[in-house]
Amino acid sequence: NSKVIQTPRYLVKGQGQKAKMRCIPEKGHPVVFWYQQNKNNEFKFLINFQNQEVLQQIDMTEKRFSAECPSNSPCSLEIQSSEAGDSALYLCASSPHFNQDTQYFGPGTRLLVL
Amino acid sequence: GDSVTQTEGPVTVSESESLIINCTYSATSIAYPNLFWYVRYPGEGLQLLLKVITAGQKGSSRGFEATYNKETTSFHLQKASVQESDSAVYYCALGGVDTNKVVFGTGTRLQVLP
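Listed in order, the protein sequences are those of chains A and B. Position 2, counted from 1, in the first sequence is what our numbering calls 2; the numbers after and before it change by one each time, with no gaps. Position 71, counted from 1, in the second sequence is what our numbering calls 71; the numbers after and before it change by one each time, with no gaps.
Rather than coming from a laboratory, the hints here were simulated on the basis of the structure. One or more hints might be untrue.
Claimed, not checked - Incomplete in silico selection of chain B near chain A, CB under 10 Å:
1. S26
2. F36
3. Y38
4. E44
5. A55
6. A88
7. Y91
8. V103
9. T106
10. V112
11. L113
The beta carbon of each residue, even a glycine, is placed where N, CA and C say it ideally should be.
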C-alpha cells in the first residue's frame with residue numbers, strides 16, 4: 001500500500017480564497033506528481049517535480065497555482081484565488097524514477113469551493 | 001493525443017460471477033506504453049492493481065488478469081469469480097508517454113452483490 005500522505009483530506013473555501021494542500025511523498029521517491037480529478041472522474045495532470053525542480057506544468061497551473069517541493073518539507077499545491085470550477089479531488093503521487101514507472105498515490109485532498 | 005477509454009459504469013454483478021471491464025487505449029507519443037489497472041476501494045486512495053510493460057504479456061493480481069494486446073490496443077480486466085470485496089472503482093491507465101505522467105480512463109464502478 002502507498003505511503004504517500006496528503007493533508008488535509010477535505011478543504012472548504014470561498015471563491016477568491018487561497019486553498020493550500022500538502023503532500024509527503026514516499027521516502028526515497030524524488031519524483032512527485034499532482035493531478036486534479038473532477039466530478040466526472042476525469043484526471044488532469046497539473047505539475048510534476050524531480051526533487052525540488054519543476055519538470056512540467058500545464059498553463060492553468062502556471063497562472064493560478066503555486067506549487068513547490070522543498071527539501072525536507074512537504075510538497076505543496078496552492079490555488080491563489082479559488083474558483084468554483086476548482087472543486088475537485090487533488091491527487092499527489094510519487095515515483096522512484098522519472099521515466100516509465102509506477103506512481104504511488106495518496107488518498108487525495110477533496111476541495112470544495114463555495 | 002494519448003487517451004484511455006473504458007467500460008462505463010456502474011457494472012453490477014453477483015458474487016461468483018465472471019467479470020470483464022473493457023479498456024482500449026490510444027498512445028500517439030510512444031509505441032509501447034506501460035499499461036496499468038488501478039483500483040480505489042471505498043474510503044481508500046488509488047492503488048495499483050496490476051501493471052504490464054510488454055506487449056503480449058499478461059498481468060495478474062488478486063485474481064484479476066489483463067493482457068496487453070498491441071494489435072487491438074486493448075487491456076481488458078477480467079476475473080473468473082468476483083467477490084463482494086471487489087466492489088470498487090477500477091481505472092485503466094497508460095504511462096510512460098510524453099511527460100511521463102499517467103493518463104487515466106474515467107473509471108468503472110463495480111458493484112458486486114452478495
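Checklist entry - Going back to the hint list, which numbers does this structure go against? => result 1, 5, 6, 10, 11
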